[in-house]
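This is what each chain is made of:
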Amino acid sequence: MRLSTAGMHRTSINAILEQQTRMARTQEQVTTGKRFQSASEDPIAATRAAVLDRTVAENEQFGRNSNIVEARLNFEEQSLADVTSVLQYVRERALQGANSTLGADERRMLANDVRQQLQALVEIANRDDGNGEYLFAGTSTGAAPFAPGTTGVNYLGDMTNRVVRIGNSQSIADGHSGADVFMNLAERNGVFRTSVAATNTGTGTIDVGRVVNSTAWVPDNYSLQFTSPTDWQVVDDTLPTPVVIASGAGFTSGQSVSFLGVNVTITGTPAAGDSFSIAPAQRTDMFAMLEELAVTLGSATTTPLDKATFQAQIGGSIANLDQSLQRASNIRAEVGSRLSAIDQAADSRGAESVDLQALLADLRDVDYAEAISRLNQEYTGLQAAQAAYTKIAQLSLFDYL
Amino acid sequence: MVDVLSTGLSSLRSLQRALDTTSHNIANVATPGYTRQRVEFSARQPQMSGSGWIGTGVEASTVRRIYDQFLAQQTRTSGTNLARLDAFATQAERIDNLLGDSANGLSSALQSFTDAINEVSTTPSSIPARQVLIAEGRALAERLKSYDSRLRNMSTEINGRLSVEAQEMTTLAQGIAKLNGDISVAVQQSGQPPNDLLDQRDALINQLSGKVGVSIVAEGDSTLNVFIGNGQPLVLGNQASQITTTVDPLDPERTLLSLQTPGGAVDLTRVVSGGTLGGLLDWRSQMLDPARNELGRIGVAIASQVNAQHREGMDLTGALGGNFFNIGAATATPATANTGTAAVTVTRTNLGALTSNDYVLARTTTGYTLRRQDTGAAVSFTGTGTVADPIVADGLSIVVGAGIATGDQHVISPTRNALAGMSVAITDASRVAAAAPIRTSVTSTNTGTGTVTSGEVLDPTDAALLTTVDIDFTSATTYTVNGAGSFTYTPGSNIDVNGWRIQVNGAPAVGDRFTVRSNAGATGDNRNAFALADALRANVLDGGTKSASSTVEKLIADVGLSTRTAQVNRDAEAVIHDSDLAALDSVSGVNLDEEAANMLRYQQAYAAAAQIIAVANEMFDTLLNAVRR
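Residue numbers (this note's numbering), protein chains in the order written: chain A, 611 to 1011; chain B, 2 to 630.
Chain B with its partners taken away, still in its complex shape:
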């Protein structure tokens, strides 16, 4: 009877635990990261009697998490990947939307500018057409600059996000370390798993792995160690390290992520992968920086082409055209750790060889090395860096000033800062150089059939370019230039004087004169405007295979393609992550119907156990009544 009572009691107690756990499960049906729990029943130690082993009831041996470590790890990995791809795709979409907008895009601004040049070419004496050209030039410069500053802002934004994320990661690491300590104590005290603490720690680790890829190593005392990057310890037992941000010694514009260890700060930027942070860093180096540099390169191509041609023209005031656009120069930034004081000057010398990369020029004991900043790949170059023999690589000419020290590094940015300095140099419509600076004429009394071409400018800087020059034929085959010399005449051959070139064709007679003079006053001349339109259309980039506008199209296509790839990858990873989550959920998630059934089951069992107590009581009463007589 005592046994029956005791058995009934054990059953009541155990079932109460089970009902507790069931209600705990129901209560946490909406708790993220909650793992359903189950009471493990086991039969108590039986008692030996003459008739054999008699059962003594039930005990709740433990409350267990229904948890599959393998599935949890898999879910965490796909979560890290998804977070990385999602961050990349989200940011990529921003650039895509920025550049791909065809109505307000770069292509249309460039086209409007080209159209305005054409308008000047058809009506060169029209002041309104020239004003439109200047306005469209400004609009183009502003469009490029606004894209550049939007991209620059995105870069600054990343710096801000890195520092916020660094703080959050430190907080998460500290939380994990504290939970490690608590769990270790709880396990030691009770020998039972502290399920809810484990869930909390898993939730923190999941949050952390959403930000950055981590690897987890379990220790014997139920603590988990967390490593970041390629093995840098973030959490060891109940100790957490700090993640901070520092300024990139090679680029003051950007922030690096570093781990504070007892041995000093370790740069994580290049080693972290996965998670939101990994995605942002990948995006910065794979999309943002190249897009910015490429935009700069497009600006440089437009400005160089237009300026070179514009300088060869003559404006309405009779003066030679100057630069049409201002454009920022190629820059060299010394690393903060440099010990030398040398200044490095970079000039762009070859548009066709210009790339959208940044470079690091480093001084070695014997000379220099030139590497790409993003990949670190060596770039071949010629020259020794002196003024007489500059370092020439990828369309750049680099001169290193005095005071360079071994180990000094300079970051060479060919196009990154070009757009910040872009503007239209001309404000006065009459200063648009639509005309050619020289004109040629055949003297009306010439008796031969000689004709002269309208001439082209070879060197607009020649001081005597606009001086009047007479070419007099002293015989059918010889001529003098301004009365001097005697040159042999071959029909159609080049006559180069004072920075210009003409050709005389046909058969000039003795005494015939051809005159080259300044074209001042030719307000209707469009020759330079015509050449400007052609210069803008010319294939000058990438070794003379691409024009500025086709480079714009290529940039938009590249960005579009990268974005598309990122989106496809993200969507694929989302499916994987969803199925991982579903698999994990199917093991660990709470199902209310299941809990309802359990509740019913435990309730019934509880009622039955209570009945056992009642029966025991009745048995006892029966016994008492039997002996009362």
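Isolated chain A (complex conformation):
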């Protein structure tokens, strides 16, 4: 085929330009480490990389969310541990106080100690998370949630739990409201409350009792009446006309009385006409329980009635403390399971992240060995093209004329 001079030049120059373009692209790949600079160079890989990038970024955000939740749950866990130790300390004081050998002064000191602990408990309940947010205020985190008043400690927070997303389909509450932790506790054994009637003359006292068969229990007000030191009857006072629902004879101290699926134990010697009340348990709060204990410890124990009442009350308070400890331990268990859920989520995120990074690297990162050998090849190619061009372009018949 006949070639024109201009055509020959153009073809050679175009070839050189093309090689230069290719080399510039390889060079860019090597310097940036990326296989493509814009979506058009590899639209499919670029799109997949964009989706993966988003997943990676989301995972990072979930990780940051988890860290914040974890920090707050750790704070809560610490506070709950402190709550538990306060309650255990108070329970020891109560057991100590229950010892009948103590004098009034010693008990008063114990009462003061319990009031100190009550303040400590309020302090714990009003703790913040280090960022100025109160831990146990629900979502009203700007103000201290617990305020001691004349009628006890009031809860000013709300019952909302803050939920934070820690995974694509996983979210977790970052704490418990003060109501969940400190308020709304069933007193005594959780079902009923026993007490010694204020008119009793004997030395008989009543324990907190226990539920044997919860389905047989009917939550009414009952009184256990002694018609003689050995004969007793249980009367349902809630009914318009009180009805005797159980009775027995031959009572001895320490004998337990059973009715409607519950057992109560009377110790001491009740006199004829003495009675003990068994009423449905009320809902109360931890602070009121401590205050009740302090009041009991400070009460007089001079008369047999005082002593009987004191024994019944202190037994009730110890049951109360057990309820509180149970609550604290339940909440701690929940916090623990949330923390472990966060750990598991972090583990699976970590594993996913490794996979994602590997995928991203496959999609987007340049294979240096391949790219550099390609660069060398292109370099040699360009050099050859240039050398060939300069040689061939020099040839002209005119040189021989």
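What the hints contain is simulated information worked out from the structure, not anything from laboratory work. Some hints could be false.
Selected chain A positions facing chain B (in silico; Cβ < 8 Å) [stated by the list, open to error]:
no., residue
1, Arg893
2, Ala998
3, Ile1002
4, Gln1004
So the derived label-pair ranges between C-beta atoms look like this [to be verified]:
no., chain 1, residue 1, chain 2, residue 2, range
5, A, Pro758, B, Gly507, 43 to 51 Å
6, A, Thr840, B, Thr478, 43 to 51 Å
7, B, Ala389, A, Val773, 42 to 50 Å
8, B, Arg162, A, Arg635, 23 to 31 Å
9, A, Asp953, B, Phe488, 43 to 51 Å
10, A, Arg635, B, Glu143, 27 to 35 Å
11, A, Asp977, B, Asn154, 36 to 44 Å
Glycine is no exception: its CB is placed at the ideal position from the N, C-alpha and C atoms.
Once you've looked at the hints, dock chain B against the given chain A.
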């Protein structure tokens, strides 16, 4: 002897022509569009003598262009295609580079905004986190707006280029027409082809076909007629028409190309194909406009989702959240030719059905037609355009005001102007509505086991939303609302009052109370921030199949794919055009070695011819000497 002299002279003259032409070829070795020329020799008429026909020498009958019309046409066609694909690809690369930059891209801005919502969700009482959210919201709006304005500028640029190109095309057409005239005269005068004028005309036609696809028809008098589009005459003989630009009657933002003919202006925009102009126009309608509208649609999706959720929340001051983003409304622009005065209002009603198309709403004698602006395809709709019965199509609700006239047209742009009006509506960090507006509580003296959900907002505009409401159980199965009514309780069923919804579960006892009240003061509440993050991730576009971020990814992928396709097509066409050029060159191009050889050949022949003169002279001298004695 006279014959020898005459033969020698003819040879000298002809070879001189040949050397002239050779040097002309050498001189024009670098001239673009130059076609090599060759002198055609032919033997002169022989003379009859007794011994037969005696040759009388040579003549240069003509100087011919070595030219293959078929190859030239083929090269021109591939040149037109290449120019179109090159213009398309070059412009496409601009959008690709603009959107595809992953470090400064849209995806990262959207992700930063989502991250900022999450930060507020984890630490709702933190003012810095809220400030970051507002700042990231601004950054996102600014990013979208800057893309939008870059694309808008590209559109304006096209308008400018169209008017420049129109002038150049007119100039080229005039040049061709003038050359047509000159060539026609030259041919008539000499009967010989005016080679260099032909080359010039071909060069002009090539330039013109680089700008726009043309068809060439040769006339008998060596003139060429040039037609554009689908047969509109641009050059007829020595007459050229003018190409001008006019404003699109349906869209004041854009310019149309039109041909001035004796019968009036003819719109060329939709009929031109090929060449740079064809490429630019294709790119405008196939990439630029869709990309702009799609960006607008993404902005609308983000703003609508965030705003709807934000309005359902409560800010730190205890007030309900307003809009977080401002966003431009869907617009309707009346055509300039409208005779009616009706105003058309468009509202976006369904995010999932929203498209990135523009529409033309036209009034007919009996009703309306709705077409896509780019393809003209009919779009189905319901409604009659009144306030009570608006025209509903593709997620839009269109109301036509009074005074519409038959034939009136309105261009409906659902998303094109959305981003121009995008900004963050909130400046005060405390106005970020991270909290839910209501809270529920269980009264502490309740004896039943009933629990209450934290509640959700159904209608944030309800005036009584924040009013305290007590739900009192009058029996295990009935309750009153604020002491009124008696409703049957089913565990877990919805209780809807004052624009909110709660559910009570478990077994409430008689006298139990659940309270719903304003959540003012709950500075640590993140429920609405949590919902905001979810709303932004939700699949709301394209019938609930795509989220805003996946739409961003799809847009970038679409642009990348279109760009890639354009580049591949361009590269393929470049190869074709190169081989066409090489083929044409191999016929018409000057080869210096060939010319050197020719020169040598002609020079030698010239020397030989001169020798003929010398021999004739010697013959004459010999004869004279013979008779002198």
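Each hint tested on the structure:
no.	hint	in the structure
1	Arg893	holds, 6 Å
2	Ala998	violated, 18 Å
3	Ile1002	violated, 12 Å
4	Gln1004	violated, 12 Å
5	A:Pro758 / B:Gly507: 43 to 51 Å	violated, 31 Å
6	A:Thr840 / B:Thr478: 43 to 51 Å	holds, 47 Å
7	B:Ala389 / A:Val773: 42 to 50 Å	holds, 43 Å
8	B:Arg162 / A:Arg635: 23 to 31 Å	holds, 28 Å
9	A:Asp953 / B:Phe488: 43 to 51 Å	holds, 45 Å
10	A:Arg635 / B:Glu143: 27 to 35 Å	holds, 32 Å
11	A:Asp977 / B:Asn154: 36 to 44 Å	holds, 39 Å
Taken one by one, the earlier hints fail for this structure at numbers 2, 3, 4 and 5, listed in ascending order.
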